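Construct all of the structure, not just a fragment, from the sequences and the given hints.
Okay, so the sequence shown: first residue is 1 according to our numbering, each after it adds one.
No lab work stands behind these hints: they were computed from the structure.
These numbers were taken from a predicted model, which means no experiment stands behind them.
Mixed in with the good hints there might be a few duds.
[Unchecked claim] When the alpha-carbon atoms are kept at most 30 Å apart in a straight line, the in silico BS3-like pairs for lysine-lysine are as follows:
hint, residue 1, residue 2
1, Lys104, Lys84
2, Lys56, Lys109
3, Lys84, Lys121
4, Lys109, Lys69
5, Lys82, Lys109
6, Lys45, Lys82
7, Lys84, Lys109
8, Lys45, Lys84
9, Lys113, Lys45
[What the hints assert, rightly or not] Ranges between beta-carbon positions, derived for each pair:
hint, residue 1, residue 2, range
10, Glu55, Lys129, 15 to 23 Å
11, Gly103, Tyr43, 23 to 31 Å
12, Glu30, Tyr78, 15 to 23 Å
Just so you know, even glycine gets a beta-carbon here, dropped at the ideal spot from N, CA and C.
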Amino acid sequence: MAKNEITKYSGELIHLIYKQGGDLSIPGDEILSLECVVAGTTYMKNLHEIEVKLEKEQCLDLVREPDNKYDTFAIAIYNSNKEKLGYIPRDKNEMLARLMVAGKWFYAKVHDKLWEGNWLKIDLEIYLKE
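Spelled out as structure tokens, the structure:
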């Protein structure tokens, strides 16, 4: 395959590779594509234990959930231990989801975190890996 050739990967294939413990990282340049707050953290199990391990600049995996019954463009966010932290907000996920289905690779970095009552606010930067 030529260096500038585009290869299309299905979102379902990428999801399957991730679920089976595959490495989704690829070398190349990073492009900041989105800044957002993780949605749904209040519904995640063991969040207090997970939060303790979160550090600024930590990389997180983004995984499409095409069969999500609440949002067909759902993108889940996982740490390196495959623990789900939440989701890209619904009002910001469609473009990323469509690009992921077209074979683009994205990941997140923790920008900041803060407990506000029972809610863990996690600020993310989403990067496109070219």
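Evaluated hints:
1. Lys104 x Lys84: Holds: Lys104 and Lys84 sit about 21 Å apart, inside 30 Å.
2. Lys56 x Lys109: Between Lys56 and Lys109 the Cα gap is close to 7 Å, so the pair holds against 30 Å.
3. Lys84 x Lys121: 15 Å, holds
4. Lys109 x Lys69: 27 Å, holds
5. Lys82 x Lys109: Measuring from Cα to Cα gives roughly 15 Å; hence the hint holds.
6. Lys45 x Lys82: Holds, because 13 Å separates the two Cα atoms, which is no more than 30 Å.
7. Lys84 x Lys109: 14 Å, holds
8. Lys45 x Lys84: 8 Å, holds
9. Lys113 x Lys45: 17 Å, holds
10. Glu55 x Lys129: 15 to 23 Å: 20 Å, holds
11. Gly103 x Tyr43: 23 to 31 Å: 30 Å, holds
12. Glu30 x Tyr78: 15 to 23 Å: 19 Å, holds
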